[in-house]
Each structure stands twice: as C-alpha cells, then as structure tokens.
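Enquirer: If you want the building blocks of each chain, they are given just below.
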Amino acid sequence: MTFEENLARLEAIATALDRDDLSLEQALALFEEGITKLKDASAELAKAEGRVRQLVEKAEGVFEVNDERA
Amino acid sequence: MTVSLVPGASPETALAIADLTSAAKDVLEGAFPPLWVKGEVTNFTAHRNGHWYFTLRDRTAQLSCVVWARDVRRIPAPPDEGMQVMARGQLSVYAARGQMQFMISAMEAEGEGLWRKQFELTRAALEKDGLLDPARRRALPRFPRRVAVVTSPDGAALHDIVSVITRRNAKVEIVVVPAAVQGETAPESLVAALDRVARWRDADVLIVARGGGSREDLWAFNDERVARAIAACPIPTISGIGHEVDVTIADLVVDHRAATPSAAAEAAVPVLAEVTATVRALGEAIRAAAVLRVRDASRELRRLARDLALRSERAVERRRARLQEVAARLEALSPLATLARGYAVALSATGCALPSAALFRPGMPFALELRDGRVHATADEVHVRRSTPGPPRSPEAPRAAPGAAPGAPGSAR
Numbered sequence: 001m002t003f004e005e006n007l008a009r010l011e012a013i014a015t016a017l018d019r020d021d022l023s024l025e026q027a028l029a030l031f032e033e034g035i036t037k038l039k040d041a042s043a044e045l046a047k048a049e050g051r052v053r054q055l056v057e058k059a060e061g062v063f064e065v066n067d068e069r070a
Numbered sequence: 001m002t003v004s005l006v007p008g009a010s011p012e013t014a015l016a017i018a019d020l021t022s023a024a025k026d027v028l029e030g031a032f033p034p035l036w037v038k039g040e041v042t043n044f045t046a047h048r049n050g051h052w053y054f055t056l057r058d059r060t061a062q063l064s065c066v067v068w069a070r071d072v073r074r075i076p077a078p079p080d081e082g083m084q085v086m087a088r089g090q091l092s093v094y095a096a097r098g099q100m101q102f103m104i105s106a107m108e109a110e111g112e113g114l115w116r117k118q119f120e121l122t123r124a125a126l127e128k129d130g131l132l133d134p135a136r137r138r139a140l141p142r143f144p145r146r147v148a149v150v151t152s153p154d155g156a157a158l159h160d161i162v163s164v165i166t167r168r169n170a171k172v173e174i175v176v177v178p179a180a181v182q183g184e185t186a187p188e189s190l191v192a193a194l195d196r197v198a199r200w201r202d203a204d205v206l207i208v209a210r211g212g213g214s215r216e217d218l219w220a221f222n223d224e225r226v227a228r229a230i231a232a233c234p235i236p237t238i239s240g241i242g243h244e245v246d247v248t249i250a251d252l253v254v255d256h257r258a259a260t261p262s263a264a265a266e267a268a269v270p271v272l273a274e275v276t277a278t279v280r281a282l283g284e285a286i287r288a289a290a291v292l293r294v295r296d297a298s299r300e301l302r303r304l305a306r307d308l309a310l311r312s313e314r315a316v317e318r319r320r321a322r323l324q325e326v327a328a329r330l331e332a333l334s335p336l337a338t339l340a341r342g343y344a345v346a347l348s349a350t351g352c353a354l355p356s357a358a359l360f361r362p363g364m365p366f367a368l369e370l371r372d373g374r375v376h377a378t379a380d381e382v383h384v385r386r387s388t389p390g391p392p393r394s395p396e397a398p399r400a401a402p403g404a405a406p407g408a409p410g411s412a413r
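Chains A and B, in that order, are what the protein sequence lines are. Okay, so the first sequence: first residue is 1 according to our numbering, each after it adds one. Okay, so the second sequence: first residue is 1 according to our numbering, each after it adds one.
No lab work stands behind these hints: they were computed from the structure. It is possible that some hints are incorrect.
Only pairs whose alpha carbons sit at most 27 Å apart, straight line, appear in this in silico DSSO-like list of lysine-lysine [unchecked claim]:
hint, chain 1, residue 1, chain 2, residue 2
1, A, LYS47, B, LYS171
2, B, LYS38, B, LYS128
3, B, LYS128, B, LYS117
4, B, LYS38, B, LYS25
5, B, LYS171, A, LYS39
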C-alpha cells in the first residue's frame, strides 16, 4: 500500500468507527487495522528522504531512476 | 560594321528568357534584403505539397506570395481570407511564370490573430474529444511521495520547483523527466517525455513546467499532440507554464492549472508538518473512537444487566399477583364463605353434602355444618316439592347419592 492509500484507509477507518451500527467486534478489528496502518504511514514518513533524480529509459519500457543528473 | 556584344542589345545577342528571369531574380534579391510587408490576404490556397500560395494586396497593388512547406510549420495557423497580416520575406522572381514573388518565412496578423486562431482550432479539436470536460479533472494526491517533473533539465523552472518542494517537504522525491521546452523539436520532445512518465507510472503526480518566455517560446505547450499526451497521463497532472498571464492549451487539459512553476510545486506537495499533523490527528481520532466504542459497549452491557434484573423482578411480581387472584377466587367459591354468612349445609353420615330434599328419608341421621360447629340430627318428615326444578340432581344427583364430592359446590347455591 502506498502512503496515500494508507492514509485514505485510515480516514475510512476513523469514519467507520464513528458510526453506531458497528458491532464491538468489528470496531475492535478496525481499530487494530488502523493501528497497523498508522505504524506503516509513520514509518514511511520517517524513512523517506528527498532526492532529485532523473528518469531514464534504459530500453523500451525498462525504466531506471538515476541519481546522476544529466 | 559594329555589332554590340552587350547581351540583349541586338537581335543577335537576344537573351534566353531563363537567363533574363534568372538575372532579374539576382537583381531583385540583391536589391531587397528580407523585409516585412503588410497587406490583406486574398486567394489563399494550401497546396497538397504543403506550400501555401496567396496574394497580398492593398487598394492599388498586389503581390504574389508563397510560404514553402518548411516555413509553414513555423506559422501558427493559415490566415483567413481578407485578414490583415504582416509578413517577413524575400522578394524574388518565379521564373516559370515570369512573376515577381514574395517568399514568406514569418507571418503575424493584427492583434496576434494567427496565434489566437490556432489556439481556438486546437481548443475546439480537444473539446470535441471531451478532453476539456471539467469532469475529467482528477483530484491531486494529498500526500505525494514522488513527483515527476517534465521540463528542461537546466531551466529556471526546474530550479524553482526543486527549491519550493524541498522547502515544503524535504522528504518528497523529485524525478526529472527531461524535455526540450522550446524550439521546433519541443512538441515531440515533450510528447516523448510525457509518454515515458505514462508508461513508467511510478510517480504520484506530474508537473509539466516551463519558465516565462515570449509567446513563441511557450508555443510548444499549445501543441495539440502535447495536450493529448498530457490528457492521456495515468497520474494526476499539474501545469506551471510561463507567468500568471500566460494560458496555454496544456493548461486546459491538466487536472490542476498553476500559474507558474513555483505555484505548481506548491500545489503538488503539501508542507511536511501538515502531513505529520494529519497522520497524528488520524491516529488520535481512531484511538478516541475505539475507546468511545468500548465505553458505549460496557454501558450497554450494564443497561442490559439492569434491564434483565428489572424484568425478572416483574415476572415474579406478575406470578405473585396471579396467585393472589386465584386464591381470592378460591376463597369466594369456598362453602366456608357461605357458612360464614349464616347458612348451613346438610351432610350425610359419610360426610357427603345433601343439597336436595329427595336425598332424605324419614328417620335418616344427618349432620348440619354451621359456621362454628356441627349439629347431629335425624330427619322427621320429608316433603319433596315437585313444582320447582330443584337442585342439580341430574346428571350429578344419582351419582351424588352414594356420597360423591361433586355435590359440594352445589350446596353453596
């Protein structure tokens, strides 16, 4: 899951947990999933480092993201 | 005899037409450097071979004009009939027709008419294919991790984009997809770069950018092929082309139009602190919702327990009430109650009730049961009344005679 998808899922979970028609079991399962996603998203935020790189097509349809700037 | 050797001075030295026209061409081209003329366009023809032919005229004169195919593509759009244009060209001679001819390499119309015309033509073509439909516009990702930038690798636009993105969120990765952004090769170069991004697909959002420049400099971004390549991009697109005032065709097809490359970078990437705050807030919301949910559940449980206790108490209460009711009814039916009001019941020697005179025989012993005791007696005389139906003798009576119990309730009546 991408960072974006993780956050989208987290928002969906938060919204779902606010609803009343959820069984306690469902709510706890959602909560558990939410905590996992939260960890993933936070880890992603912590690990990513900004770089300026360049997209190179080595061969037809074979792409490489290069650190060397042309 | 004197024969002039000057070419064309005598019948003997008559010139070939081709030589004369060729000489005239040299003279004309030598006398006039490339220059701008202005006039009204008439008899315009775009030939199959790609050249344009037309006449420029004013009130009293006219000039045959040609635009060679290689120069046609530098002119944004063919002029309309009657359009006032300025054309830059070289005066020459078209030998095949013996005509003076103006070879045009650049052309502009009053009020940038040709640029506008081409812009409108391209816009109409894209609109016809639904590419300008606002409903096509996708939302930008709110938390992009990787931003692709199609631009010149050494332009000011890239510099601005990198510094804005780095300032807002130093953790976002920027992937440059180099392209020529001006000149005749720019459209093909841009299309190729956009196509690479589309096939790569590994970025969250795409910025197409170019710093400010003249209308001609930005013209590649009005190219229909570039616009279609942008529209075909599978990831959300942002344009940042030129300055605020410049609107290109590319700006019309992107998901988000930013006025400048810097503005495009701002639109693409949110500030890191805001992202972090969003993640934290989501975590808190989820925890709070879960805590609330558990609290709700335990409250519900307590309510159910109370409800259960209340219900069982009520059930016991209801049974008790029924019991009392039955007891009261039993009480009412008991012969003892009748005795209590002063009545007596006659009993046989075996203790059976004797509710009818017909059950007595003279000399028969019996007992009278009263409220507070029993009296033993003997029947003297027996008179049975025939006229009244009497007590419920049949079918019970015959069986009551041997002393069966069912007679007892009857005696109370």
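Enquirer: All the hints need checking, so say for each whether the structure fits it.
Expert: Each hint, compared with the structure:
1. Annotation: proposed proximity of LYS47 of chain A to LYS171 of chain B holds, straight-line Cα distance about 8 Å (limit 27 Å).
2. Only pairs whose Cα atoms come within 27 Å are accepted, and LYS38 of chain B paired with LYS128 of chain B is rejected, the gap being roughly 35 Å.
3. Taken as a hint, the LYS128 of chain B and LYS117 of chain B pair is honoured in the structure, with Cα atoms around 16 Å apart against an allowance of 27 Å.
4. Restraint check for LYS38 of chain B and LYS25 of chain B: satisfied, since their Cα atoms lie roughly 22 Å apart, inside the 27 Å limit.
5. The straight-line distance between the Cα atoms of LYS171 of chain B and LYS39 of chain A is roughly 18 Å, inside the 27 Å bound, and the hint therefore holds.
Violated hint for the displayed structure: number 2, the only one.
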